[in-house]
Amino acid sequence: MGSNETPARRDVKMMNRFDLTVRLVAKLKNAEAVIGGIGHSNFDLWGAGRRPQNFYMLGSMGLAGPIALGVALAQPKRRVFALEGDGSMLMQLGSLATVANVAPRNLAIVVWDNGMYQITGSQPTATAGRADLVEIARAAGIAQSAWARDETDFEHLIERALAEDGPWFIAARIDGTAPKQQTPREPVIIKDTFMRGLGVKP
Amino acid sequence: MANAQSPLPAKVDANWHGAVVRALKDNDIRLVVYVPDNVLRPLIEAVHADDFFTAFVTAREEEAVGIVCGAAMAGLRGIVLMQTSGFATLANVLASLAVAAQIPALMMISERGTLGDFQPGQAIVCRTMRPVLESLGIEHHTLTRLDEAHFIVDRTIKQAYKTEAPAALILSPMLTAKR
Numbered sequence: 035m036g037s038n039e040t041p042a043r044r045d046v047k048m049m050n051r052f053d054l055t056v057r058l059v060a061k062l063k064n065a066e067a068v069i070g071g072i073g074h075s076n077f078d079l080w081g082a083g084r085r086p087q088n089f090y091m092l093g094s095m096g097l098a099g100p101i102a103l104g105v106a107l108a109q110p111k112r113r114v115f116a117l118e119g120d121g122s123m124l125m126q127l128g129s130l131a132t133v134a135n136v137a138p139r140n141l142a143i144v145v146w147d148n149g150m151y152q153i154t155g156s157q158p159t160a161t162a163g164r165a166d167l168v169e170i171a172r173a174a175g176i177a178q179s180a181w182a183r184d185e186t187d188f189e190h191l192i193e194r195a196l197a198e199d200g201p202w203f204i205a206a207r208i209d210g211t212a213p214k215q216q217t218p219r220e221p222v223i224i225k226d227t228f229m230r231g232l233g234v235k236p
Numbered sequence: 171m172a173n174a175q176s177p178l179p180a181k182v183d184a185n186w187h188g189a190v191v192r193a194l195k196d197n198d199i200r201l202v203v204y205v206p207d208n209v210l211r212p213l214i215e216a217v218h219a220d221d222f223f224t225a226f227v228t229a230r231e232e233e234a235v236g237i238v239c240g241a242a243m244a245g246l247r248g249i250v251l252m253q254t255s256g257f258a259t260l261a262n263v264l265a266s267l268a269v270a271a272q273i274p275a276l277m278m279i280s281e282r283g284t285l286g287d288f289q290p291g292q293a294i295v296c297r298t299m300r301p302v303l304e305s306l307g308i309e310h311h312t313l314t315r316l317d318e319a320h321f322i323v324d325r326t327i328k329q330a331y332k333t334e335a336p337a338a339l340i341l342s343p344m345l346t347a348k349r
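Which chain is which? The protein sequence lines are Z and B, in order.
Just so we're aligned, residue 35 is where the first sequence starts under this note's numbering, counting upward by one.
Just so we're aligned, residue 171 is where the second sequence starts under this note's numbering, counting upward by one.
Hints in this document: simulated from the structure, not taken from any laboratory.
These numbers were taken from a predicted model, which means no experiment stands behind them.
One or more of the hints may lead you astray.
Unchecked claim - Stretches of chain Z that chain B covers, calculated by requiring three or more beta carbons in the stretch to come under 8 Å of a beta carbon on chain B: (1) 198-210; (2) 218-226.
Claimed, not checked - Quick list of in silico lysine-lysine cross-link-like pairs, DSS-like style, CA-CA up to 27 Å: (3) 61(Z) to 111(Z); (4) 235(Z) to 332(B); (5) 235(Z) to 195(B); (6) 47(Z) to 111(Z); (7) 348(B) to 235(Z); (8) 348(B) to 195(B); (9) 235(Z) to 63(Z); (10) 332(B) to 195(B); (11) 61(Z) to 235(Z); (12) 111(Z) to 235(Z); (13) 111(Z) to 195(B); (14) 61(Z) to 47(Z).
All residues carry an ideal CB built from backbone N, CA and C; glycine is no exception.
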C-alpha cells in the first residue's frame, strides 16, 4: 500500500461514525479486542452492541492507541483495534512512532476524523486546517496507513487488518452526528468485563 | 534463600539495578516501558540485555502508562520507568485510568531535584511528586538502601497486583548516587 495508492483527506467521502462502527464490529468473529477512545468514539462503540472484549475509556484522552498496544503485546494471537477521534490522536502523535517501532502485527488504529472537538462544542481541530493524520502516521513509520475512500473501502481495509500483518492505521472522515447512547461511567465494571472477555480474569 | 528471622533476603545484591531486576523477575514483570533518565541507565541496559524482558522507549510517560495498563488488563505484567519531571505529566492518566479502573500500573521514578541537584526546574517539580501520589491515594515507597531494595520492590509489586491498584517506587539518590 504505497502512498500513491491512497487518497488524501480532502478526496475521501464524509461518512458516519456510528455506521462505520457497526460495520467494523460486524466483522469481528474471533473475539478481537477493541479499545474505544474517550467520548464519542466509545459512545458509538457502546451503541454498536456490548462485547466483553470492548474496553470503554472514560478519561485519559489520547491513550486508546497505547492501551491497545499493551493489549496487543500481551496477547499476540488476538487482533486488537483502537478507535480514536482526531482530537485524541493529535494529543499523542508520538505514540504513532512508538507503534511503528514496536511494530505489533496484530494492532490496528482506527481514527474517526470530523475535524472538530465535537463533544466540547465542535471547535475545529488541526485536521480541519492543514494536518493530515494518515500522512503523519506514514511519516511516523506505519507503512500501512490509509484513508477509507467510502464505506466499502473502509470494510476492505478492516478485512485486511484482520487477515494481514500490521500495524495498521485506518482513518475515516466522518460527519458531526452525535452518538445516540452514552457509555455508563462504571470503570471497574468495564475493566473486569474486559479482563474476563480476554480470558485474564476467571 | 531468605533468612527466617529477617524479612530481608540473605542474598546481597551487587547493586540497586540488580536488586530491581531480581524483584521484577520474581514477580513475572516482563514488560518495561520507559522514558530514559541517566540514573536509570544501568537498569535500562540490563533489561534490554535480558531476553526475559520486552523493553522499549516511548515518546511520553503518559503513553507508557497507557501501554502498561493495557498489558496488565490483557495478562502481561509491566512497569514504567521515568524521572521526576516525567511523573509530573501523569496526574490525569493515573486518576482517570489506573486509579478509576483499579489497574496495577507499576511505576519506578528516578528522583531528581533533591539531595544535591543542580537544576532548579527539577527541584521545583520534585515537590509535586509525593503530594500528587498522596492525593490520588497511590501506594508509594522510596528506596534508599540496597539491602532493602529487593524487599520493597517485591512487596510493592505483590500488593499492587493483589489489591489491583497502581503503585510507585521512588529511587532516591541515597540509593542510586552512592558509589
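Each hint, compared with the structure:
With 0 residues carrying a beta carbon less than 8 Å from a beta carbon of chain B, the region 198-210 of chain Z misses the three-residue requirement, and the given coverage is violated. Counting residues of the region 218-226 of chain Z whose beta carbon lies closer than 8 Å to any beta carbon of chain B gives 4, which reaches the threshold of three, so the coverage claim holds. Simply put, residue 61(Z) and residue 111(Z) have alpha-carbon atoms about 17 Å apart, close enough for the 27 Å limit, and the pair holds. Restraint check for residue 235(Z) and residue 332(B): the C-alpha separation of about 13 Å stays at or below 27 Å, so the hint holds.
With a CA separation close to 22 Å, the supplied pair residue 235(Z) and residue 195(B) stays within the 27 Å bound. As the CA atoms of residue 47(Z) and residue 111(Z) are separated by approximately 33 Å, the hinted pair breaks the 27 Å bound. The straight-line distance between the Cα atoms of residue 348(B) and residue 235(Z) is roughly 42 Å, outside the 27 Å bound, and the hint therefore fails. At most 27 Å may separate the alpha-carbon atoms for a hinted pair to count; residue 348(B) and residue 195(B) meet this at roughly 24 Å.
A distance of roughly 21 Å separates the Cα atoms of residue 235(Z) and residue 63(Z); the hinted pair therefore holds under the 27 Å criterion. Restraint check: the Cα-Cα separation between residue 332(B) and residue 195(B) comes to about 17 Å, which is no more than 27 Å; the hinted pair holds. Distance hint between residue 61(Z) and residue 235(Z) is fulfilled; the C-alpha atoms sit about 25 Å from each other, no more than 27 Å. At roughly 18 Å between alpha-carbon atoms, residue 111(Z) and residue 235(Z) fall within 27 Å of each other, so this suggested pair holds.
This hinted pair checks out: residue 111(Z) and residue 195(B) have alpha carbons roughly 24 Å apart, not beyond 27 Å. Among the hinted pairs, residue 61(Z) with residue 47(Z) is consistent with the structure: their alpha-carbon atoms are about 21 Å apart, no more than 27 Å.
Comparing the model with each numbered hint stated earlier shows that hints 1, 6 and 7 do not hold.
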